[in-house]
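*Asks:* Given only the sequences and the hints, what does the whole structure look like? Please build it.
As a plain string of letters, each chain reads:
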Amino acid sequence: MSKVRVLVGTRKGAFILTSDGKRDKWDVSGPHFGGWEIYHMKGSPLDPDRIYASQTSGWFGQVLQCSTDGGKTWQQPGVPADQEPAPGPPVALPNKFVYDASAETGKPLTTHMWYDGTQHPWEFKRVWHLEPSLTDAKTVYAGVEDAAIFRSTDGGENWHELPGLRGHATGPNWQPGAGGMCLHTIILDPSNPDRMYIAISAAGAFRTDDGGKSWKPINKGLYSKYIPNPTAEVGHCVHHIAMHPAKPEVLFMQKHWDVMRSDDAGDNWTRVSGNLPTDFGFVIDVHAHEPETIYVVPIKSDSLHFPIDGKLQVYRSKTGGNEWEPLTKGLPQSDCYVNVLRDAMAVDRLDQCGVYFGTTGGQVYVSPNAGDSWSSIVHDLPAVLSVEVQTLP
Amino acid sequence: MTVPSTVAGRDRPRLIRVTLPYHLRNLAHIEGDVTLEIAGAVTIRSVLDALEARYPMLCGTIRDHDTLKRRPFLRFFACEEDLSLEPTDMPLPEAVASGKEPLLIIGAIAGG
Numbered sequence: 001m002s003k004v005r006v007l008v009g010t011r012k013g014a015f016i017l018t019s020d021g022k023r024d025k026w027d028v029s030g031p032h033f034g035g036w037e038i039y040h041m042k043g044s045p046l047d048p049d050r051i052y053a054s055q056t057s058g059w060f061g062q063v064l065q066c067s068t069d070g071g072k073t074w075q076q077p078g079v080p081a082d083q084e085p086a087p088g089p090p091v092a093l094p095n096k097f098v099y100d101a102s103a104e105t106g107k108p109l110t111t112h113m114w115y116d117g118t119q120h121p122w123e124f125k126r127v128w129h130l131e132p133s134l135t136d137a138k139t140v141y142a143g144v145e146d147a148a149i150f151r152s153t154d155g156g157e158n159w160h161e162l163p164g165l166r167g168h169a170t171g172p173n174w175q176p177g178a179g180g181m182c183l184h185t186i187i188l189d190p191s192n193p194d195r196m197y198i199a200i201s202a203a204g205a206f207r208t209d210d211g212g213k214s215w216k217p218i219n220k221g222l223y224s225k226y227i228p229n230p231t232a233e234v235g236h237c238v239h240h241i242a243m244h245p246a247k248p249e250v251l252f253m254q255k256h257w258d259v260m261r262s263d264d265a266g267d268n269w270t271r272v273s274g275n276l277p278t279d280f281g282f283v284i285d286v287h288a289h290e291p292e293t294i295y296v297v298p299i300k301s302d303s304l305h306f307p308i309d310g311k312l313q314v315y316r317s318k319t320g321g322n323e324w325e326p327l328t329k330g331l332p333q334s335d336c337y338v339n340v341l342r343d344a345m346a347v348d349r350l351d352q353c354g355v356y357f358g359t360t361g362g363q364v365y366v367s368p369n370a371g372d373s374w375s376s377i378v379h380d381l382p383a384v385l386s387v388e389v390q391t392l393p
Numbered sequence: 001m002t003v004p005s006t007v008a009g010r011d012r013p014r015l016i017r018v019t020l021p022y023h024l025r026n027l028a029h030i031e032g033d034v035t036l037e038i039a040g041a042v043t044i045r046s047v048l049d050a051l052e053a054r055y056p057m058l059c060g061t062i063r064d065h066d067t068l069k070r071r072p073f074l075r076f077f078a079c080e081e082d083l084s085l086e087p088t089d090m091p092l093p094e095a096v097a098s099g100k101e102p103l104l105i106i107g108a109i110a111g112g
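Protein chains in written order, with the numbering used here: chain L, 1 to 393; chain V, 1 to 112.
These aren't lab readings, by the way, just hints derived from the structure by calculation.
Each residue gets a CB set at the ideal place from its N, CA and C atoms; glycine is no exception.
There's no promise every hint is true.
With a straight-line cut-off of 30 Å between C-alpha atoms, the simulated DSS-like cross-links for lysine-lysine are [to be verified]:
#: 1; chain 1: L; residue 1: K12; chain 2: L; residue 2: K107
#: 2; chain 1: V; residue 1: K69; chain 2: L; residue 2: K12
#: 3; chain 1: V; residue 1: K69; chain 2: L; residue 2: K107
#: 4; chain 1: L; residue 1: K125; chain 2: V; residue 2: K69
#: 5; chain 1: L; residue 1: K12; chain 2: L; residue 2: K213
If you only want the chain V side, here are some residues facing chain L, beta carbon under 7 Å, derived [unchecked claim]:
#: 6; residue: H23
#: 7; residue: G32
#: 8; residue: M57
#: 9; residue: C59
#: 10; residue: T61
#: 11; residue: D66
#: 12; residue: T67
#: 13; residue: F73
#: 14; residue: G107
*Replies:* Right under this line is the structure:
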């Protein structure tokens with residue numbers, strides 16, 4: 001029988017939840033890296049036991065961890081923990097994320113817009129999202145704050161920026177959202193190895209069709225009433241984007257407000273918020289086997305950031321948007337004031353698709369029946385920052 | 001001619017001690033103080049160079065990779081003195097250079 005492994009990043013460490021295909025009994029492992037913020041963990045689709053983790057701290061900065069045994073043991077790539085380093089210059093530069101400002105390959109380290117509208121230098125803060133390659137287990141992408149994308153082709157030992165994104169002509173107009181100017185979404189197109197999508201809060205969505213050399217803003221159709229030009233080319237606070245691998249030209253977006261869809265690889269977007277009680281939220285995801293079935297968690301905004309009326313509700317659309325139904329069975333329907341952050345929802349690929357999400361209250365919920373009913377796997381973890389799930393043989 | 005011991009001592013590698021905060025000890029898989037051998041002048045820079053060479057997993061966690069500037073929420077103390085704002089090439093107190101007292105790397109008490 002197949003198994004699932006849920007990778008949970010929290011404010012105070014990482015947790016790994018495992019179950020068989022029934023998804024009713026769970027083993028909990030952790031905390032790994034206790035006391036550190038784990039922004040994101042994700043396994044390689046080619047080698048599921050190879051899991052990358054972003055470990056970060058306001059005091060000690062960014063650390064990159066990798067497990068090659070499914071999360072049982074970890075090490076920093078390029079840094080054997082149990083032996084003296086070899087003499088001579090280091091072969092790896094662990095944890096090093098430095099913007100490429102070289103004349104040969106990089107872009108000048110210019111400025112972006114600060115909260116008050118002034119220009120501000122680009123400063124690396126942390127890795128928000130790790131996206132392992134679909135074609136090479138040792139290649140992995142990192143989305144970072146201040147917004148940029150990095151790539152490692154040696155399992156995380158050395159990282160190099162793809163500077164065409166940060167160096168885009170619109171860069172000086174990018175502005176941080178409340179959570180910082182983070183590149184939080186990376187989507188690789190399974191049908192086209194040169195195409196990928198990223199999203200930045202608050203710059204918007206971008207696409208590359210040449211493997212990351214050059215990037216194009218793909219924000220046509222977005223309307224953001226909180227910026228001077230609501231239909232500007234960049235400046236939109238995109239919270240998350242999701243794609244079904246069988247229909248890679250179709251994208252779904254949860255924006256600061258508005259749920260959007262694109263049927264042409266992001267060139268044009270249309271609003272599909274429909275009958276949602278509020279179209280503010282952070283997460284969005286797609287059913288593993290039904291490319292037009294999507295999930296969001298509406299959140300009351302702008303200043304509250306918790307569920308409406310204290311009722312935690314997932315909304316599902318089976319029509320690719322516009323027509324939504326609340327999913328409440330097993331979820332708290334009173335006195336619930338948690339948030340669900342942008343990378344904290346995932347789906348498994350079992351025949352009966354499982355849906356998972358984590359909350360800032362430390363709960364991780366699972367629905368083994370595509371959202372019809374829910375139960376909590378764990379309910380007292382630190383605030384959950386991210387949830388990923390692996391479907392294992 | 002007798003060479004003064006203080007001058008001769010500069011040429012001999014010296015064993016100094018460093019006390020790291022809890023999370024960095026965990027990251028480096030060490031318990032207790034770190035003992036490092038320093039050849040030449042014992043300064044914050046030379047101590048951090050030796051520390052990162054011995055424990056490369058700490059690269060970037062105490063000072064920036066490129067600028068080598070101290071991370072904002074860390075401080076350096078020794079002999080009850082805050083040395084955080086001193087030049088990193090300034091010789092550390094003899095009590096640290098001799099190994100009698102550790103160099104303390106402290107995480108600021110901030111946040112939750």
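*Asks:* Looking at the structure, which of the earlier hints fail to hold?
*Replies:* 1, 5, 7, 12
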